[in-house]
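Asks: Please arrange chain B on chain A, whose structure you already have, making use of the hints.
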Amino acid sequence: DAGVTQSPTHLIKTRGQQVTLRCSPKSGHDTVSWYQQALGQGPQFIFQYYEEEERQRGNFPDRFSGHQFPNYSSELNVNALLLGDSALYLCASSGVNTGELFFGEGSRLTVL
Amino acid sequence: QQQVKQSPQSLIVQKGGISIINCAYENTAFDYFPWYQQFPGKGPALLIAIRPDVSEKKEGRFTISFNKSAKQFSLHIMDSQPGDSATYFCAASLQNTGGFKTIFGAGTRLFVKA
Numbered sequence: 001d002a003g004v005t006q007s008p009t010h011l012i013k014t015r016g017q018q019v020t021l022r023c024s025p026k027s028g029h030d031t032v033s034w035y036q037q038a039l040g041q042g043p044q045f046i047f048q049y050y051e052e053e054e055r056q057r058g059n060f061p062d063r064f065s066g067h068q069f070p071n072y073s074s075e076l077n078v079n080a081l082l083l084g085d086s087a088l089y090l091c092a093s094s095g096v097n098t099g100e101l102f103f104g105e106g107s108r109l110t111v112l
Numbered sequence: 001q002q003q004v005k006q007s008p009q010s011l012i013v014q015k016g017g018i019s020i021i022n023c024a025y026e027n028t029a030f031d032y033f034p035w036y037q038q039f040p041g042k043g044p045a046l047l048i049a050i051r052p053d054v055s056e057k058k059e060g061r062f063t064i065s066f067n068k069s070a071k072q073f074s075l076h077i078m079d080s081q082p083g084d085s086a087t088y089f090c091a092a093s094l095q096n097t098g099g100f101k102t103i104f105g106a107g108t109r110l111f112v113k114a
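Just so you know, the sequences run in chain order A and B.
Numbered by the working numbering, the letters in the first sequence go through residues 1 to 112 in order.
Numbered by the working numbering, the letters in the second sequence go through residues 1 to 114 in order.
Okay, chain A solo, but in the shape it has when bound (with noise of 0.2 Å):
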């Protein structure tokens, strides 16, 4: 049984750019949370998505669009990106019923 898979697993990008990450969420799970973990700090929630949409948002700006797919398969989309937004970017999953939440090993994001 596979458990959260994210790729890629490090990128580097520079200001202004733009970045996807990817996120399957573990077998029979249909709920994607992305969290941001910088250096030595808790997860930060970015946001939630359910049946396709989001659902739940943290205190991100618009920057941060996400999309999940029929699959339950979960993009993370960051536009502009801005030095601050280096950090190891965390996918979880669920159901939509339960608090536990399986997480997937990150994507570490550098920006230069």
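Just so you know, these hints were derived from the structure itself, not from any lab.
C-beta atoms are modelled at their ideal positions from N, C-alpha and C, and glycine is treated no differently.
So the derived list for chain B, only partly shown, Cβ under 10 Å to chain A, looks like this:
hint: 1; residue: P44
hint: 2; residue: F89
hint: 3; residue: G107
Replies: Same frame as chain A, now just chain B:
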């Protein structure tokens, strides 16, 4: 309202000792309180969780104590082992029509000395 405050930032414990990590929350709408464990290079993984109608939950060496009136909860790791060395995050979740929204504390880096 949405914050979860965690302490200490770091903790060093002797092998066999008790590790205690504390968290406090503000929003009384939170209804699920999980603890996650994260090893370097890995995503967080659920360790143990509690709902606010229970004051204590124990799973093996891990115990959550929950004080609803004080809006505080804590993780106790008994007989701490070097393999427990990791970063621990408390979290608080609330369920609405969109599902569960989980807010994490800043984390506690635990080092267990052999």
